[in-house]
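S.K.: The primary structure of each chain is shown beneath.
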Amino acid sequence: MVALNTRPSDTFPSDTSQSGSHLGRRTPRRRWSTGAIAGRVTWFVVTGVFLLFFALPVVWMLLAVTKTDSQIIRGHPFAIGTWHDFTQAWGNLLNFQDGAILLWMKNSAVYAFGSLAITLATAIPAGYGLALTEFVGRKLLLTTTLVVMIMPAAALVLPLYLEVNAVHLTGTIWSVILPLSFYPFGVYLTYIYYSSTIPPDLLAAARLDGCSEWQVFTKIALPLARPIIALVSFFSFVGNWNNFFLPFVMLPDSQQYPAQVGLSNLLAASAVFNTSAGTENQILRPELALAALLTILPVLVVFLFSQRALLSGMLAGGTKG
Amino acid sequence: MRTKMVGAIAVVGAALALSACGSADPAPAPSAKADQFAPAAQDEAGEITVWADATRVPVVKAYQKAHPEAKIKLVTYSGNANGATDLQTKVQLFDRTGNGWPDVAFSATLSDTAWAAFGDKPYAAPVDKVIDKSVLDGFAPGALDPCKVGAGTYCVRNDLAQVVLWYNKKLLDKFGYTLPTTWEEYQALGEKVAKEHPGYLVGTAGDPWAPEIYLWASQCPASTVTEAKNVTVDLKNANCSRMVGMLDKLIANKAMSKAGVFDAGFIKNQASKVLLMPGPSWFGQVLFNSTFKIPKGEIAAGAPLKFASDTATYTGNVGGGVWYISSHSKNLKTAGDLVSWVTTADEAQANAVTYPAYTKAAALWLTKQRDSGYFAADISPAFTQAAEQVWPGWSATQYSQEAIYASTVVPALNKDQTIASTIDAWQTAITNKATSLGYKVN
Amino acid sequence: MATASAPARQATGVRGHRKPNRSGYFFVAGYVVLLIAFGIGPTLYAFWLSISNSRGQLVGLGNFTRTFTDYRFAAAFTHIMVYVVIWLVTLMVLVVSLALMLHGRMHRTSAALRFLFYLPGALAGVASVVLWLILLDPTNSPVGFILRAFGWDSLATVILPSHLPVIFTIIAFWTGAGGWIIVVYGALNSIPPELVEAARVDGASIFQIARMIQIPLLRKWIAYMLILAFATGTQLFVEPQLVSTASFGMIPDGWSPNQLSYLYAFQAGDFNGAAALAVDLLFIGLASATVVVFRGGLFERE
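Quick mapping for you: the protein sequence lines, in order, are chains A, B and C.
Here the numbering used here is used: the first sequence runs in plain steps of one and ends on residue 427.
Here the numbering used here is used: the second sequence runs in plain steps of one and ends on residue 445.
Here the numbering used here is used: the third sequence runs in plain steps of one and ends on residue 764.
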């Protein structure tokens with residue numbers, strides 16, 4: 107365990123100003139010394155700056171869907187548009203290839219949830235096994251996983267394509283779902299989680315009590331895994347949802363495109379980026395911004411769900427000192 | 004443990020360094036030989052897969068409606084627009100597995116022929132073996148040049164983007180100027196405008212396609228393919244320097260902008276100040292009408308300019324799309340039929356967004372443009388004239404001239420350097436890129 | 463398969479003297495199948511590609527020397543090294559600091575802030591092209607006043623070559639930081655609150671608590687983040703590709719080594735050269751990973 111330096115807090119500004127005394131106080135009382143105020147203000151300023159940094163561009167996008175393309179180029183960036191322009195942009199977007207964007211999102215959902223299911227079924231037990239059981243080849247597996255994670259994806263495209271083609275799966279949804287369900291990042295997250303939060307003594311006690319390995323896993327490790335399942339699910343879902351290159355390579359039929367591939371076609375069909383696209387389809391900046399916002403909606407919903415599970419699980423964690 | 008690992012790596016490395024059974028140089032792709040084209044087993048009732056971009060989807064659907072017996076599977080893709088290489092990427096993968104090629108594919112990148120007609124089993128079929136010669140002869144002279152490799156033609160041109168001299172008639176009349184007919188007059192007018200009406204523009208140099216407008220028209224040999232993969236790159240040629248000199252002068256006195264026409268800043272602040280603008284035929288509707296929102300009755304097109312010392316007038320070309328027929332197709336008849344229909348039928352091309360490459364359809368297209376009433380004067384003479392004057396010496400290479408100009412010259416322009424000062428770097432960039440893609444540069 | 467019910471003698475509670483049992487294989491089995499099919503298999507094939515030519519003959523290090531002498535190689539690797547230094551420092555410092563700051567008190571504000579910090583991360587490459595096209599153009603960008611303050615009045619002046627490493631860091635940080643903040647925040651939750659409380663009672667300041675308790679206990683997570691950040695940094699692809707599309711090609715298409723590998727594979731049709739470049743990047747990533755694994759104790763268990 108780390109040794110605690112019990113020094114009086116007069117050298118650094120502190121939240122709880124306890125000038126000097128550090129005996130017997132269990133519930134520190136807050137006094138608003140200049141140090142505390144300075145600390146508070148710094149906290150607000152810093153978080154405020156970063157809040158603007160992260161959120162401002164998104165605010166711009168939200169406003170952009172209510173304006174016309176001309177207003178976006180010529181007007182003030184944060185001018186608010188009209189409901190009419192918003193419905194106009196919405197209509198133009200849905201008109202594109204007869205509502206293709208909805209089809210793309212449905213496809214994305216199928217691929218993302220499909221791979222997520224397989225990922226959870228394989229990554230959670232694997233992380234547990236790597237962290238809390240002992241077997242020959244454990245370190246080898248960890249190393250290999252790391253190596254494969256670091257390999258640049260561009261070089262793996264051709265072999266993956268050849269492989270999928272060899273088992274005649276090209277053009278089916280499995281050509282996307284199966285490779286996506288390979289999620290070493292999730293395995294590592296689970297491994298780190300289990301190896302740093304569950305003391306082996308807990309498991310040893312269970313084993314001594316007569317539990318089989320499977321029971322140890324299902325009765326102890328799995329219930330404690332809610333936060334990590336939430337975390338891995340979230341990242342896996344987002345990674346799958348946002349993956350462009352794999353579906354682009356594997357899917358020959360535009361009816362199967364997920365949102366990311368569809369979006370890139372939308373971009374290529376827009377007069378904003380493609381000077382030979384002509385002026386008929388009316389996909390300009392507002393429609394592109396709307397399409398982008400639509401495609402991130404599911405990600406944000408999943409985020410909100412998983413954050414609740416994450417937080418509640420962590421607080422109920424059974425870690426013993 | 005660690006020293007053992009390091010030792011093992013060293014041994015493997017040494018073994019690799021010593022072992023070399025073959026040459027590491029990538030095999031150069033031989034160009035297609037039209038007379039060696041051997042079609043696959045044909046099935047005239049089979050389904051064909053057509054890859055088209057969003058803009059061409061309606062015309063493929065129109066073909067299906069007009070020919071209900073044809074079985075067509077339509078796939079929408081990016082069309083290789085704006086530098087995308089989707090078709091090439093996918094065809095590379097299909098080549099490796101031996102299946103999956105689309106029977107017909109549209110591409111917005113003219114230079115795709117530079118890879119599609121090369122290799123042991125090139126993707127593109129020689130269209131002159133699939134489509135009637137009489138049909139191919141009906142295209143504007145030079146329209147099929149980017150498709151030609153050796154003796155064969157490997158794609159069919161969908162539309163032209165011949166460069167004409169766009170001008171704002173209202174402004175021109177207001178200032179009392181006459182439309183220039185030579186580049187010398189153009190330069191003189193630019194200098195006059197800079198003095199008398201500063202802020203008004205006669206052109207832009209910041210677009211990626213600026214070389215295709217100016218240098219192409221000046222017959223500059225920036226990339227002239229002599230055969231298969233031999234290319235001449237000579238930016239120091241007199242034809243190049245005369246145009247570069249003119250551009251630098253106009254940029255220096257601010258009659259020519261360093262920005263690009265699609266820059267948000269340009270659209271906002273300078274769109275209404277465009278007096279003259281040499282540019283491709285699609286500028287009319289896409290740029291002036293939709294993007295700049297110039298009102299009706301102001302914009303017109305003049306014939307391309309020539310240098311006084313030249314005997315013939317030449318102009319450039321910025322874009323255009325092509326249709327490929329797959330050499331692996333099992334239904335060449337339907338594929339060929341579809342491609343000829345979409346490029347030549349009045350129904351398909353009269354309402355196209357860009358100027359049709361097929362002469363007869365182009366005439367009809369021009370009537371429709373006239374009827375729309377947007378332009379201040381009839382654009383047909385300028386368009387038809389320019390369609391026949393595109394200089395054949397600017398080749399469609401596998402590398403993009405636009406990308407090289409945008410990444411080499413435009414940044415220099417924005418650091419307040421002249422184009423002339425970048426010629427060496429520009430030439431080296433073209434040569435390097437060409438060599439990396441297997442060309443032999445002289 | 464799962465062991466029978468006589469495990470009492472198989473496992474011991476004494477740290478470090480665990481006997482290997484076969485149940486471990488069962489737990490990792492599903493993952494190992496996927497690993498071989500979609501990880502090891504393709505990686506080995508890529509290795510093979512990097513040491514052979516298109517006709518299937520072994521060429522030793524030929525592809526590596528050939529790509530090394532490519533006119534874009536030196537530039538690409540220089541670009542990426544500059545970028546990685548800026549990127550790593552920015553990411554590690556800011557992510558850990560922000561996560562610590564969010565973890566202090568005020569849980570509901572913290573949750574809202576975490577959500578907002580994460581928001582950009584949901585905008586993957588293609589979706590954000592539109593956004594960055596406008597953001598980088600000083601005329602109508604929401605942050606135009608900042609760009610104009612630097613004296614840049616057009617998109618072209620903003621994306622001049624010398625500015626690119628910083629611009630890409632900003633874009634990559636904007637999209638990537640949120641996710642890592644969540645991971646580190648979650649990791650902070652796993653530190654027993656009694657430790658922090660006890661330290662606070664003893665008078666430690668928040669800086670001391672962070673420095674002496676929280677960060678050391680987060681060692682593994684930070685090590686993991688470092689490895690991945692280094693790898694994703696050296697493999698930068700999306701951001702330069704995005705700015706290239708948004709600016710109609712004003713930055714060269716082979717700016718980063720990963721882009722160069724992509725060009726080799728799909729523009730020049732040279733999968734062997736592309737694989738050689740990928741292996742270069744892999745070794746660089748592995749070198750750093752080895753350092754971090756051994757010094758950060760990533761493979762050890764408590």
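Rather than coming from a laboratory, the hints here were simulated on the basis of the structure.
It cannot be assumed that every hint is accurate.
Unchecked claim - A few chain C residues that face chain B, going by a derived Cβ cut-off under 7 angstroms, partial list only: (1) V605; (2) G606; (3) R610; (4) A611; (5) T619.
As the list claims (entries may be wrong) - Here are the simulated lysine-lysine pairs, DSSO-like style, with alpha carbons at most 27 angstroms apart: (6) B/K76 <-> A/K212; (7) B/K64 <-> A/K212; (8) B/K173 <-> B/K333; (9) B/K371 <-> B/K172; (10) B/K333 <-> B/K64; (11) B/K195 <-> B/K172.
Where a beta carbon is used, it is the ideal one built from N, C-alpha and C, also for glycine.
S.K.: Confirm or reject each hint.
M.R.: Results of checking the hints against the structure:
The beta carbon of C/V605 is not positioned within 7 angstroms of any beta carbon in chain B (closest approach about 14 angstroms), and the interface hint is therefore violated. Given hint, C/G606 at the interface with chain B, is violated; its Cβ is 10 angstroms from that chain's nearest Cβ, farther than 7 angstroms. About 11 angstroms separates the beta-carbon of C/R610 from the nearest beta-carbon of chain B, more than 7 angstroms, and the hint is not met. Residue-level restraint check for C/A611 is violated (minimum Cβ-Cβ distance to chain B is 16 angstroms; threshold 7 angstroms).
Satisfaction of the interface hint for C/T619 is found here, the shortest Cβ-Cβ separation to chain B being roughly 5 angstroms, below the 7 angstroms cut-off. Distance check on the hinted pair: B/K76 and A/K212 sit about 21 angstroms apart at the alpha-carbon level, within 27 angstroms; holds. Proximity of B/K64 to A/K212 is assessed by CA-CA distance (about 25 angstroms); at most 27 angstroms being required, the pair is judged to hold. Restraint check: the Cα-Cα separation between B/K173 and B/K333 comes to about 56 angstroms, which exceeds 27 angstroms; the hinted pair is violated.
With a C-alpha separation of about 21 angstroms, the suggested pair B/K371 and B/K172 falls inside the 27 angstroms cut-off, and the hint holds. For the proposed pair B/K333 and B/K64, the alpha carbon gap of about 21 angstroms is at most 27 angstroms, so the pair holds. The hinted pair formed by B/K195 and B/K172 meets the criterion: a straight-line CA distance of about 17 angstroms does not exceed 27 angstroms.
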